[in-house]
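Novice: These are the residues of each chain, in order.
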Amino acid sequence: MSRVGVIGAGHGVFGRRSDATVQELAFEAFRLAIKDAGISRDDLDATVVAAVPEYHKQRSVAGVVQEYLNLNPKPTWLTEVACASGSAAIRTAWMAIKSGVHQVVAVIGCQKMTEMATAEILALMGRVGEVQWESIFGSTFPGYYAMFATSHMHEFGTTHEQMMQVAVKNHFYGSKNPNALFRKEIQLDKAMNSDAVASPFCVYDCCANADGAACLILAEESRAKALSKKVVWLDGVGCATASMSVLRRPNLVGLPSAVEAGQQAFRMAKVTAKDVKVAEVHDCFTIAEIMAYEDLGFCKKGHGGKFIEEKRSYIGGEVAVNVDGGLKAKGHPIGATGVSMAYEIVKQLRGESGERQVPNADIGLTHNVGGIGQYTFVHLFRRD
Amino acid sequence: MSETQDKRGRPAAKDRPFLDELEAKPFWANLKEHKFTSQRCSACGKFFGFPPQFLCPHCLASEYEWIPLSGKGKVYSFVTYHRAWHPAYQDKVPYNVSLIETEEGVRMMSNVVGCPPEAVKIGMPVEIVYEDFEDYTLPKFRPAT
Ligand SMILES: [Zn+2]
Numbered sequence: 001m002s003r004v005g006v007i008g009a010g011h012g013v014f015g016r017r018s019d020a021t022v023q024e025l026a027f028e029a030f031r032l033a034i035k036d037a038g039i040s041r042d043d044l045d046a047t048v049v050a051a052v053p054e055y056h057k058q059r060s061v062a063g064v065v066q067e068y069l070n071l072n073p074k075p076t077w078l079t080e081v082a083c084a085s086g087s088a089a090i091r092t093a094w095m096a097i098k099s100g101v102h103q104v105v106a107v108i109g110c111q112k113m114t115e116m117a118t119a120e121i122l123a124l125m126g127r128v129g130e131v132q133w134e135s136i137f138g139s140t141f142p143g144y145y146a147m148f149a150t151s152h153m154h155e156f157g158t159t160h161e162q163m164m165q166v167a168v169k170n171h172f173y174g175s176k177n178p179n180a181l182f183r184k185e186i187q188l189d190k191a192m193n194s195d196a197v198a199s200p201f202c203v204y205d206c207c208a209n210a211d212g213a214a215c216l217i218l219a220e221e222s223r224a225k226a227l228s229k230k231v232v233w234l235d236g237v238g239c240a241t242a243s244m245s246v247l248r249r250p251n252l253v254g255l256p257s258a259v260e261a262g263q264q265a266f267r268m269a270k271v272t273a274k275d276v277k278v279a280e281v282h283d284c285f286t287i288a289e290i291m292a293y294e295d296l297g298f299c300k301k302g303h304g305g306k307f308i309e310e311k312r313s314y315i316g317g318e319v320a321v322n323v324d325g326g327l328k329a330k331g332h333p334i335g336a337t338g339v340s341m342a343y344e345i346v347k348q349l350r351g352e353s354g355e356r357q358v359p360n361a362d363i364g365l366t367h368n369v370g371g372i373g374q375y376t377f378v379h380l381f382r383r384d
Numbered sequence: 385m386s387e388t389q390d391k392r393g394r395p396a397a398k399d400r401p402f403l404d405e406l407e408a409k410p411f412w413a414n415l416k417e418h419k420f421t422s423q424r425c426s427a428c429g430k431f432f433g434f435p436p437q438f439l440c441p442h443c444l445a446s447e448y449e450w451i452p453l454s455g456k457g458k459v460y461s462f463v464t465y466h467r468a469w470h471p472a473y474q475d476k477v478p479y480n481v482s483l484i485e486t487e488e489g490v491r492m493m494s495n496v497v498g499c500p501p502e503a504v505k506i507g508m509p510v511e512i513v514y515e516d517f518e519d520y521t522l523p524k525f526r527p528a529t
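Line by line, the protein sequences are chains A and B. When we follow this note's numbering, the leftmost residue of the first sequence carries the number 1, and every step to the right adds one. When we follow this note's numbering, the leftmost residue of the second sequence carries the number 385, and every step to the right adds one.
Just chain A, with the same shape it has in the complex (with noise of 0.2 Å):
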């Protein structure tokens, strides 16, 4: 069977965008990525959404980017699954160009989230949880993640000082991404020292929400090659779930979402988690990234607090780990989030990255998890 390819990615910047509707952001990325693929509009067969609808004052989303882009009557849907929504749209594009339905996709990730309040917004996150069951003893969206950190360092002995670390390299390599929403490196003892939010978590173990869009060009592999010089092969897809409630989780070290999608893409992929050079997981806080590292397979379950001590993940290490900032430094715009992943990824394999660019980078990985593992998608990118 024909494999898909990526020859196209745009990028917007990440941040308060009070200056651009969510259409206009979806255009900024997307305009990027059809210059980049050096395509025109009429190339195109489709284009799936990406994006969370209750974080929008505009309603139906795809619809209304479909018009700005001047895509109509070509055909367009949009995806979501929470944080993990980009990653959704990926799936669908490779599975539409796959079922020979398409041949060129373009896939939006956008995300106008700063339109509401910081309060309202994690009121409805909380929501990722179970509404009735746990709501009602006052649990948001960072007391999920807090309990994992506890049960974390319960149970391996990880400490909150190798978490910070995890927030120290990303916002070192945040500070060299243009796109992102912070751009300063930050000191181990003043992010330790910064205000409490819910322990064992602090302002700096947060990711911060944010504005933002990304897109790709998706090709099936003959047209690829007859429009792009430079096609990022995405040869690996998994998709996984669990429980919507942490109650019935087996335990609270891990994503078993993670682990399964995981393992479906290396499988497919026919690569190993040692054959990945550069990878973006999901570090919406910062021991999300410490068990990406466990669940994926870079190193054994309870290892993730010293491989980020040891600097294992910089560049120069084992694998290189959210060199873009992460989601920690680069901001989160939920729907955007997956696609700004595979951006990165393509950037990397092309050896487009600058500063940042890991060397000899020829697979990379995306790891994006919506809420708290209910869904995890691990996507595998090659270059030839």
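No incorrect hints appear here.
With a straight-line cut-off of 20 Å between C-alpha atoms, the simulated SDA-like cross-links for lysine to any residue are:
1. Lys505(B) with Glu155(A)
2. Lys270(A) with Glu260(A)
3. Lys456(B) with Phe137(A)
4. Lys524(B) with Met508(B)
Simulated from the structure, these hints should not be mistaken for laboratory data.
Starting from the known structure of chain A, arrange chain B with the ligand on it as the hints suggest.
Specialist: Structure of chain B with the ligand alone, referenced to chain A:
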């Protein structure tokens, strides 16, 4: 945005359980009488756990009984909130939210009360304490005596 509504007038936080939901109704009614119960499958004998549901999550049988739990358990994991994510919790910070595992192996979310949040630890023995409101009761836990 008020305490109960967001900008679009939707409920902003569920401070109250859904008392009338069919499967959960006996749970809340029992709790009002200070009886802490869980569904146990008549076919495989396992507890359903929470939230209550129509079929056994283990074997899909539909016959079950509401069985009293001892009310004793331990803290499986926990978090202390230092920030109120919603105005309704403004005067409660810092407060604890814990995942409780009962002696019977059933897990539920709750609050450990009756001790400062910093005293809560994983594995800490706890027992149920009933917090009564006008028309319902919430199951909370305190350090076991
Ligand atoms: Zn059963």
